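Please model the entire structure based on the sequences and the hints provided.
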Amino acid sequence: VTLTIGVSTVDAIRVHARTVYPEECCGALLGTAGIGDARAPAVRRVVRAVALKNDATGNRHQRFSISGDQQLACHRLAAALSLDVVGFYHSHPDYPPVPSPVDHARAWPWYCFVIATVNADDAGPLRAWMLRDDRSDFVELDIALIEAEP
Amino acid sequence: MSPVIHVPGPLRTRATESSEIEVAASTVSDALAELARLSPNAAPYLLDAEGHLRGFVNVYVNQDDIRVLDGLSTRLGPHDEVIILPAVAGGIATLTSRPA
Numbered sequence: 001v002t003l004t005i006g007v008s009t010v011d012a013i014r015v016h017a018r019t020v021y022p023e024e025c026c027g028a029l030l031g032t033a034g035i036g037d038a039r040a041p042a043v044r045r046v047v048r049a050v051a052l053k054n055d056a057t058g059n060r061h062q063r064f065s066i067s068g069d070q071q072l073a074c075h076r077l078a079a080a081l082s083l084d085v086v087g088f089y090h091s092h093p094d095y096p097p098v099p100s101p102v103d104h105a106r107a108w109p110w111y112c113f114v115i116a117t118v119n120a121d122d123a124g125p126l127r128a129w130m131l132r133d134d135r136s137d138f139v140e141l142d143i144a145l146i147e148a149e150p
Numbered sequence: 001m002s003p004v005i006h007v008p009g010p011l012r013t014r015a016t017e018s019s020e021i022e023v024a025a026s027t028v029s030d031a032l033a034e035l036a037r038l039s040p041n042a043a044p045y046l047l048d049a050e051g052h053l054r055g056f057v058n059v060y061v062n063q064d065d066i067r068v069l070d071g072l073s074t075r076l077g078p079h080d081e082v083i084i085l086p087a088v089a090g091g092i093a094t095l096t097s098r099p100a
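Those sequence lines, one after another, are chains A and B. Residue numbering for the first sequence follows the numbering used here, beginning at 1 and increasing consecutively. Residue numbering for the second sequence follows the numbering used here, beginning at 1 and increasing consecutively.
Some clues are possibly wrong.
Unchecked claim - Derived Cβ-Cβ restraints for the label pairs, each shown as a range:
no., chain 1, residue 1, chain 2, residue 2, range
1, A, Asp142, B, Arg54, 30 to 36 Å
2, A, Pro101, B, Asn41, 20 to 26 Å
3, A, Leu77, B, Asp70, 26 to 32 Å
4, A, Pro101, B, Ser18, 30 to 36 Å
5, B, Val68, A, Asp121, 20 to 26 Å
6, B, Ser19, A, Pro125, 46 to 52 Å
7, B, Glu22, A, Gly124, 32 to 38 Å
Stated by the list, open to error - From chain A, some residues computed to sit far from chain B (all C-beta separations above 12 Å):
no., residue
8, Glu23
9, Val47
10, Ile66
11, Ala79
12, Asp121
13, Asp122
Don't read these hints as lab results, they were simulated from the structure. Note that the structure is predicted; figures quoted are calculated from it, not measured. Ideal placement from N, C-alpha and C gives every residue a C-beta, glycine not left out.
Here you go:
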């Protein structure tokens, strides 16, 4: 599975991660899912990253949560743009951009999960993941960077 | 005219391959049961073994979370929308060591 995402969108996620450091940032990824078998589309194309508020009630340095109301607003925005919510992003402050056990426990298949590692100096490269349908593990996605949004 | 369920991607691919389905349902419980009937694989994401709404899923009727309405007993009219959304959360809190 390949994740296609614009350079400017990646930059926006990294800026968000730096801005809220040392807390975890989070947001939604709006775009399209398609090309390939309908039950396992081979491509996720991200058109827009929507920065959201981390609604975790405590320890936002190591936890993130997205409220239902924010999710509903993203759903409405995506529908208005004829897009879909195809995934979510969050940051791992001072920790590698790999899914944690908590990420694993709370993830749903089909969505792409983009994780940015960030420290006090800068945000590192992003990595993208998708939970297998049987929930056994994540598969890392290839990230295809494009210069302009489609 | 019947209530419409907005199905998120993970359940859509298993259930209907459509983002919206009309259901003949008078309550949220009926609507989710119909979705589960269409896609048995979707059922574990919606309800637990006792038939309660799972904590990791949010269900809205129009603009309102059913947890502040009448829960699964919330009644539906012909123009209502039922929106199913994952409760997204995560983080590194429980980790005690860095992965290799």
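Task: Those earlier numbered hints the structure runs against, lowest number first - done: 5, 6, 7, 8, 10 and 11
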